[in-house]
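**Student:** In our numbering, the protein residues as written are 101 to 409.
Note that these hints are calculated values from the structure, not bench results. In this text, a Cβ means the ideal position worked out from N, Cα and C, and glycines have one as well. Be careful, since some hints might not be right.
Said to hold, decoys possible - Estimated spans, in silico, between C-beta atoms of each pair:
#  : residue 1 : residue 2 : range
1  : Q399      : N145      : 44 to 52 Å
2  : A384      : P316      : 52 to 60 Å
3  : G151      : G207      : 47 to 55 Å
4  : Q399      : N325      : 19 to 27 Å
5  : N132      : D210      : 27 to 35 Å
6  : L274      : N319      : 50 to 58 Å
7  : E239      : G173      : 13 to 21 Å
8  : D217      : Q155      : 23 to 31 Å
9  : E402      : D210      : 30 to 38 Å
10 : G136      : R242      : 35 to 43 Å
11 : A384      : R242      : 38 to 46 Å
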Amino acid sequence: MLRTASVALVLAAASTVAWGQSVHPDIKQCLNGRLGDELVIKSCNAVIGGGLVSQRDLAVALASRAAAYQRQGQIDRAIEDYSRALELAPNHPDMLASRGSAYGAKGDVDHARADLDRVISIDRTNVHAFLNRGNLHSEAGRYEEALKDFDEAARLAPNESEIFYNRGVVYTRLRQHERAIADYDRAAALNPRDPDIFANRCGEKTSLGRFDQALPDCNEALRLNPQDPAVLANRAVIYARLKNYPAAIADCDAALRLDPRRADALYARGVAKRLARDVTSGAADIAAAKLLEPRIEDQMAEFGLSKME
101 MLRTASVALV LAAASTVAWG QSVHPDIKQC LNGRLGDELV IKSCNAVIGG
151 GLVSQRDLAV ALASRAAAYQ RQGQIDRAIE DYSRALELAP NHPDMLASRG
201 SAYGAKGDVD HARADLDRVI SIDRTNVHAF LNRGNLHSEA GRYEEALKDF
251 DEAARLAPNE SEIFYNRGVV YTRLRQHERA IADYDRAAAL NPRDPDIFAN
301 RCGEKTSLGR FDQALPDCNE ALRLNPQDPA VLANRAVIYA RLKNYPAAIA
351 DCDAALRLDP RRADALYARG VAKRLARDVT SGAADIAAAK LLEPRIEDQM
401 AEFGLSKME
(Lines of atoms letter the chains of each structure in order from A and count residues from 1; the text may use other names and numbers.)
(Lines give C-alpha, C1' and ligand atoms only; values in the text may rest on other atoms or scores of the structure.)
Protein backbone atom coordinates (compact mmCIF):
# COMPACT_ATOMS: atom_id res chain seq x y z
CA MET A 1 0.00 0.00 0.00
CA LEU A 2 1.38 3.39 -1.03
CA ARG A 3 1.35 6.34 1.30
CA THR A 4 1.22 10.02 0.45
CA ALA A 5 3.71 12.37 2.01
CA SER A 6 2.71 13.73 5.37
CA VAL A 7 0.87 17.03 5.03
CA ALA A 8 2.69 18.28 8.10
CA LEU A 9 5.96 17.68 6.26
CA VAL A 10 4.67 19.23 3.05
CA LEU A 11 3.70 22.40 4.85
CA ALA A 12 6.99 22.30 6.71
CA ALA A 13 5.98 24.76 9.38
CA ALA A 14 4.57 27.17 6.83
CA SER A 15 5.20 30.19 9.04
CA THR A 16 8.93 30.09 8.38
CA VAL A 17 9.67 27.84 5.42
CA ALA A 18 6.81 29.02 3.25
CA TRP A 19 7.64 32.69 3.44
CA GLY A 20 11.14 32.97 4.83
CA GLN A 21 10.08 35.55 7.41
CA SER A 22 8.17 35.80 10.67
CA VAL A 23 4.38 35.83 10.88
CA HIS A 24 1.82 37.66 12.97
CA PRO A 25 2.15 36.39 16.57
CA ASP A 26 -1.59 35.68 16.82
CA ILE A 27 -1.37 32.80 14.35
CA LYS A 28 1.39 30.84 16.10
CA GLN A 29 -1.13 28.53 17.74
CA CYS A 30 -2.92 28.04 14.43
CA LEU A 31 0.35 26.80 12.93
CA ASN A 32 1.31 24.46 15.78
CA GLY A 33 0.17 21.06 14.58
CA ARG A 34 1.44 19.45 17.78
CA LEU A 35 -1.51 20.99 19.62
CA GLY A 36 -3.94 18.66 17.86
CA ASP A 37 -6.18 19.19 14.87
CA GLU A 38 -9.24 20.46 16.74
CA LEU A 39 -7.29 23.21 18.48
CA VAL A 40 -5.46 24.10 15.27
CA ILE A 41 -8.77 24.44 13.41
CA LYS A 42 -10.29 26.51 16.21
CA SER A 43 -7.27 28.82 16.31
CA CYS A 44 -7.13 29.16 12.55
CA ASN A 45 -10.86 29.94 12.45
CA ALA A 46 -10.21 32.89 14.76
CA VAL A 47 -7.36 34.14 12.59
CA ILE A 48 -9.20 33.66 9.29
CA GLY A 49 -12.39 35.25 10.56
CA GLY A 50 -10.68 38.08 12.40
CA GLY A 51 -9.65 40.10 9.35
CA LEU A 52 -6.67 41.59 11.18
CA VAL A 53 -3.75 39.76 9.59
CA SER A 54 -1.80 40.34 6.42
CA GLN A 55 -2.57 38.56 3.16
CA ARG A 56 0.55 36.47 3.66
CA ASP A 57 -0.47 35.35 7.14
CA LEU A 58 -4.04 34.65 6.01
CA ALA A 59 -2.75 32.33 3.29
CA VAL A 60 -0.59 30.47 5.80
CA ALA A 61 -3.50 30.15 8.24
CA LEU A 62 -5.74 28.77 5.51
CA ALA A 63 -3.07 26.25 4.53
CA SER A 64 -2.57 25.18 8.15
CA ARG A 65 -6.32 24.69 8.64
CA ALA A 66 -6.44 22.76 5.37
CA ALA A 67 -3.70 20.45 6.63
CA ALA A 68 -5.67 19.79 9.81
CA TYR A 69 -8.81 19.06 7.80
CA GLN A 70 -6.85 16.69 5.58
CA ARG A 71 -5.44 14.79 8.56
CA GLN A 72 -9.02 14.39 9.78
CA GLY A 73 -10.13 13.05 6.41
CA GLN A 74 -12.21 16.14 5.56
CA ILE A 75 -10.75 16.28 2.08
CA ASP A 76 -13.24 18.63 0.41
CA ARG A 77 -12.78 21.21 3.16
CA ALA A 78 -9.02 20.84 2.86
CA ILE A 79 -9.09 21.43 -0.90
CA GLU A 80 -11.32 24.46 -0.44
CA ASP A 81 -8.87 26.01 2.05
CA TYR A 82 -5.81 25.19 -0.05
CA SER A 83 -7.53 26.79 -3.04
CA ARG A 84 -8.31 29.94 -1.06
CA ALA A 85 -4.71 30.06 0.13
CA LEU A 86 -3.48 29.68 -3.44
CA GLU A 87 -5.63 32.60 -4.58
CA LEU A 88 -3.48 34.68 -2.22
CA ALA A 89 -0.23 32.91 -3.13
CA PRO A 90 -0.75 31.46 -6.64
CA ASN A 91 2.66 29.88 -7.14
CA HIS A 92 3.41 28.70 -3.62
CA PRO A 93 4.99 25.24 -4.13
CA ASP A 94 4.26 23.77 -0.69
CA MET A 95 0.60 24.76 -0.83
CA LEU A 96 0.29 23.42 -4.37
CA ALA A 97 1.93 20.16 -3.27
CA SER A 98 -0.43 19.94 -0.32
CA ARG A 99 -3.50 20.49 -2.49
CA GLY A 100 -2.15 17.92 -4.91
CA SER A 101 -1.90 15.38 -2.11
CA ALA A 102 -5.48 16.21 -1.07
CA TYR A 103 -6.75 15.73 -4.62
CA GLY A 104 -4.88 12.44 -4.72
CA ALA A 105 -6.51 11.32 -1.47
CA LYS A 106 -9.89 12.11 -3.04
CA GLY A 107 -9.05 10.09 -6.13
CA ASP A 108 -9.06 13.15 -8.39
CA VAL A 109 -5.98 12.11 -10.32
CA ASP A 110 -6.14 14.79 -13.02
CA HIS A 111 -6.22 17.72 -10.60
CA ALA A 112 -3.61 16.07 -8.36
CA ARG A 113 -1.25 15.55 -11.28
CA ALA A 114 -1.77 19.12 -12.50
CA ASP A 115 -0.86 20.55 -9.10
CA LEU A 116 2.19 18.33 -8.68
CA ASP A 117 3.44 18.99 -12.21
CA ARG A 118 3.10 22.70 -11.51
CA VAL A 119 5.06 22.38 -8.26
CA ILE A 120 7.91 20.59 -9.99
CA SER A 121 8.00 23.19 -12.77
CA ILE A 122 8.38 25.88 -10.09
CA ASP A 123 10.65 24.05 -7.67
CA ARG A 124 12.55 20.96 -8.74
CA THR A 125 13.77 20.47 -5.17
CA ASN A 126 10.30 19.83 -3.75
CA VAL A 127 10.71 16.29 -2.45
CA HIS A 128 7.09 15.70 -1.57
CA ALA A 129 5.87 16.69 -5.01
CA PHE A 130 8.08 14.00 -6.55
CA LEU A 131 7.00 11.50 -3.90
CA ASN A 132 3.29 12.11 -4.34
CA ARG A 133 3.50 12.25 -8.13
CA GLY A 134 5.34 8.95 -8.00
CA ASN A 135 2.42 7.55 -6.03
CA LEU A 136 -0.02 8.72 -8.70
CA HIS A 137 2.05 7.04 -11.41
CA SER A 138 2.27 3.84 -9.42
CA GLU A 139 -1.46 3.65 -8.74
CA ALA A 140 -2.04 4.09 -12.48
CA GLY A 141 0.40 1.27 -13.26
CA ARG A 142 2.99 3.62 -14.76
CA TYR A 143 5.81 2.01 -12.83
CA GLU A 144 8.75 3.34 -14.85
CA GLU A 145 7.55 6.91 -14.38
CA ALA A 146 6.90 6.24 -10.70
CA LEU A 147 10.43 4.93 -10.20
CA LYS A 148 11.90 8.01 -11.90
CA ASP A 149 10.03 10.26 -9.47
CA PHE A 150 10.98 8.15 -6.44
CA ASP A 151 14.61 8.08 -7.59
CA GLU A 152 14.64 11.88 -7.77
CA ALA A 153 12.95 12.16 -4.37
CA ALA A 154 15.57 9.79 -2.91
CA ARG A 155 18.36 11.88 -4.42
CA LEU A 156 16.91 15.03 -2.85
CA ALA A 157 16.09 13.49 0.54
CA PRO A 158 18.17 10.36 1.21
CA ASN A 159 17.00 10.24 4.83
CA GLU A 160 13.23 10.22 4.16
CA SER A 161 11.92 6.72 4.92
CA GLU A 162 8.62 7.18 3.07
CA ILE A 163 10.46 7.47 -0.25
CA PHE A 164 12.14 4.10 0.16
CA TYR A 165 8.98 2.50 1.52
CA ASN A 166 6.92 3.65 -1.47
CA ARG A 167 9.61 2.74 -3.98
CA GLY A 168 9.78 -0.66 -2.32
CA VAL A 169 6.04 -1.06 -2.90
CA VAL A 170 6.57 -0.44 -6.62
CA TYR A 171 9.33 -3.06 -6.75
CA THR A 172 7.00 -5.44 -4.89
CA ARG A 173 4.34 -4.88 -7.56
CA LEU A 174 6.95 -5.49 -10.25
CA ARG A 175 7.99 -8.68 -8.40
CA GLN A 176 11.55 -7.39 -8.17
CA HIS A 177 11.91 -8.85 -4.72
CA GLU A 178 15.59 -8.13 -4.07
CA ARG A 179 15.22 -4.46 -4.95
CA ALA A 180 12.11 -4.24 -2.80
CA ILE A 181 13.94 -5.74 0.17
CA ALA A 182 16.84 -3.31 -0.31
CA ASP A 183 14.44 -0.35 -0.16
CA TYR A 184 12.61 -1.76 2.87
CA ASP A 185 16.02 -2.22 4.53
CA ARG A 186 16.74 1.49 4.04
CA ALA A 187 13.27 2.50 5.18
CA ALA A 188 13.55 0.35 8.33
CA ALA A 189 16.93 1.83 9.20
CA LEU A 190 15.45 5.32 8.92
CA ASN A 191 12.15 4.55 10.67
CA PRO A 192 12.31 1.40 12.83
CA ARG A 193 8.90 2.12 14.40
CA ASP A 194 6.87 1.65 11.20
CA PRO A 195 5.13 -1.76 11.20
CA ASP A 196 4.27 -1.59 7.48
CA ILE A 197 7.94 -1.64 6.51
CA PHE A 198 8.56 -4.86 8.43
CA ALA A 199 5.30 -6.37 7.18
CA ASN A 200 6.23 -5.72 3.56
CA ARG A 201 9.77 -6.98 4.00
CA CYS A 202 8.40 -10.12 5.64
CA GLY A 203 6.18 -10.66 2.62
CA GLU A 204 9.08 -10.27 0.20
CA LYS A 205 11.28 -12.75 2.07
CA THR A 206 8.35 -15.17 2.27
CA SER A 207 7.92 -14.92 -1.51
CA LEU A 208 11.59 -15.81 -1.91
CA GLY A 209 11.26 -18.80 0.43
CA ARG A 210 13.53 -17.24 3.07
CA PHE A 211 11.27 -18.27 5.91
CA ASP A 212 13.86 -18.10 8.70
CA GLN A 213 14.67 -14.52 7.66
CA ALA A 214 11.04 -13.55 7.15
CA LEU A 215 9.87 -14.67 10.60
CA PRO A 216 11.69 -11.93 12.61
CA ASP A 217 10.23 -9.26 10.32
CA CYS A 218 6.68 -10.54 10.79
CA ASN A 219 7.31 -10.76 14.53
CA GLU A 220 8.46 -7.15 14.62
CA ALA A 221 5.53 -5.96 12.50
CA LEU A 222 3.14 -7.64 14.93
CA ARG A 223 4.96 -6.27 17.95
CA LEU A 224 4.40 -2.79 16.55
CA ASN A 225 0.86 -3.53 15.35
CA PRO A 226 -0.62 -6.70 16.89
CA GLN A 227 -3.98 -6.30 15.13
CA ASP A 228 -2.85 -6.77 11.53
CA PRO A 229 -4.61 -9.82 10.06
CA ALA A 230 -2.52 -9.76 6.86
CA VAL A 231 0.72 -10.14 8.82
CA LEU A 232 -0.80 -12.86 10.99
CA ALA A 233 -1.78 -14.75 7.84
CA ASN A 234 1.70 -14.26 6.40
CA ARG A 235 3.34 -15.52 9.59
CA ALA A 236 1.00 -18.53 9.53
CA VAL A 237 2.37 -19.42 6.08
CA ILE A 238 5.90 -19.16 7.45
CA TYR A 239 5.10 -21.37 10.44
CA ALA A 240 3.46 -23.92 8.13
CA ARG A 241 6.53 -24.02 5.91
CA LEU A 242 8.71 -24.40 9.01
CA LYS A 243 6.43 -27.30 10.10
CA ASN A 244 5.26 -25.54 13.25
CA TYR A 245 1.61 -26.39 12.59
CA PRO A 246 0.14 -25.42 15.98
CA ALA A 247 1.65 -21.93 15.65
CA ALA A 248 0.35 -21.65 12.08
CA ILE A 249 -3.16 -22.61 13.16
CA ALA A 250 -3.05 -20.16 16.09
CA ASP A 251 -2.04 -17.28 13.80
CA CYS A 252 -4.79 -18.17 11.32
CA ASP A 253 -7.33 -18.25 14.15
CA ALA A 254 -6.17 -14.79 15.27
CA ALA A 255 -6.30 -13.42 11.70
CA LEU A 256 -9.79 -14.79 11.15
CA ARG A 257 -11.06 -13.28 14.39
CA LEU A 258 -9.98 -9.91 13.03
CA ASP A 259 -11.18 -10.59 9.47
CA PRO A 260 -13.38 -13.67 9.01
CA ARG A 261 -13.19 -13.40 5.21
CA ARG A 262 -9.44 -13.78 4.81
CA ALA A 263 -9.15 -16.58 2.29
CA ASP A 264 -5.38 -16.85 2.76
CA ALA A 265 -5.77 -17.47 6.49
CA LEU A 266 -8.49 -20.06 5.91
CA TYR A 267 -6.42 -21.86 3.30
CA ALA A 268 -3.24 -21.80 5.39
CA ARG A 269 -5.16 -23.11 8.38
CA GLY A 270 -6.63 -25.86 6.26
CA VAL A 271 -3.22 -26.97 5.03
CA ALA A 272 -1.74 -26.80 8.54
CA LYS A 273 -4.63 -28.87 9.94
CA ARG A 274 -4.26 -31.53 7.25
CA LEU A 275 -0.54 -31.78 7.88
CA ALA A 276 -1.29 -32.05 11.59
CA ARG A 277 -3.59 -35.01 10.72
CA ASP A 278 -6.87 -33.11 11.21
CA VAL A 279 -7.88 -33.99 7.66
CA THR A 280 -11.63 -33.37 7.79
CA SER A 281 -11.44 -29.93 9.40
CA GLY A 282 -8.55 -28.98 7.14
CA ALA A 283 -10.48 -29.90 4.01
CA ALA A 284 -13.42 -27.81 5.21
CA ASP A 285 -11.18 -24.76 5.66
CA ILE A 286 -9.66 -25.19 2.21
CA ALA A 287 -13.08 -25.53 0.62
CA ALA A 288 -14.31 -22.39 2.43
CA ALA A 289 -11.22 -20.50 1.27
CA LYS A 290 -11.88 -21.49 -2.36
CA LEU A 291 -15.44 -20.25 -2.09
CA LEU A 292 -14.19 -16.85 -0.89
CA GLU A 293 -11.40 -16.67 -3.47
CA PRO A 294 -11.48 -19.16 -6.36
CA ARG A 295 -7.81 -18.41 -7.20
CA ILE A 296 -6.54 -18.92 -3.67
CA GLU A 297 -4.84 -22.23 -4.44
CA ASP A 298 -2.72 -20.64 -7.17
CA GLN A 299 -1.94 -17.67 -4.95
CA MET A 300 -0.80 -19.84 -2.07
CA ALA A 301 1.22 -22.04 -4.42
CA GLU A 302 3.61 -19.09 -4.73
CA PHE A 303 4.67 -19.82 -1.16
CA GLY A 304 4.85 -23.55 -1.76
CA LEU A 305 1.90 -24.08 0.53
CA SER A 306 -0.42 -26.03 -1.76
CA LYS A 307 2.35 -28.51 -2.50
CA MET A 308 2.42 -29.44 1.16
CA GLU A 309 -1.07 -31.00 1.11
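**Student:** A separate judgement is required for each hint: does it hold in the structure or not?
**Tutor:** For each hint, the structure was consulted:
no.	hint	verdict
1	Q399 <-> N145: 44 to 52 Å	50 Å, holds
2	A384 <-> P316: 52 to 60 Å	32 Å, violated
3	G151 <-> G207: 47 to 55 Å	35 Å, violated
4	Q399 <-> N325: 19 to 27 Å	23 Å, holds
5	N132 <-> D210: 27 to 35 Å	34 Å, holds
6	L274 <-> N319: 50 to 58 Å	27 Å, violated
7	E239 <-> G173: 13 to 21 Å	19 Å, holds
8	D217 <-> Q155: 23 to 31 Å	26 Å, holds
9	E402 <-> D210: 30 to 38 Å	36 Å, holds
10	G136 <-> R242: 35 to 43 Å	37 Å, holds
11	A384 <-> R242: 38 to 46 Å	43 Å, holds
In summary, the numbered hints that this structure violates are 2, 3 and 6.
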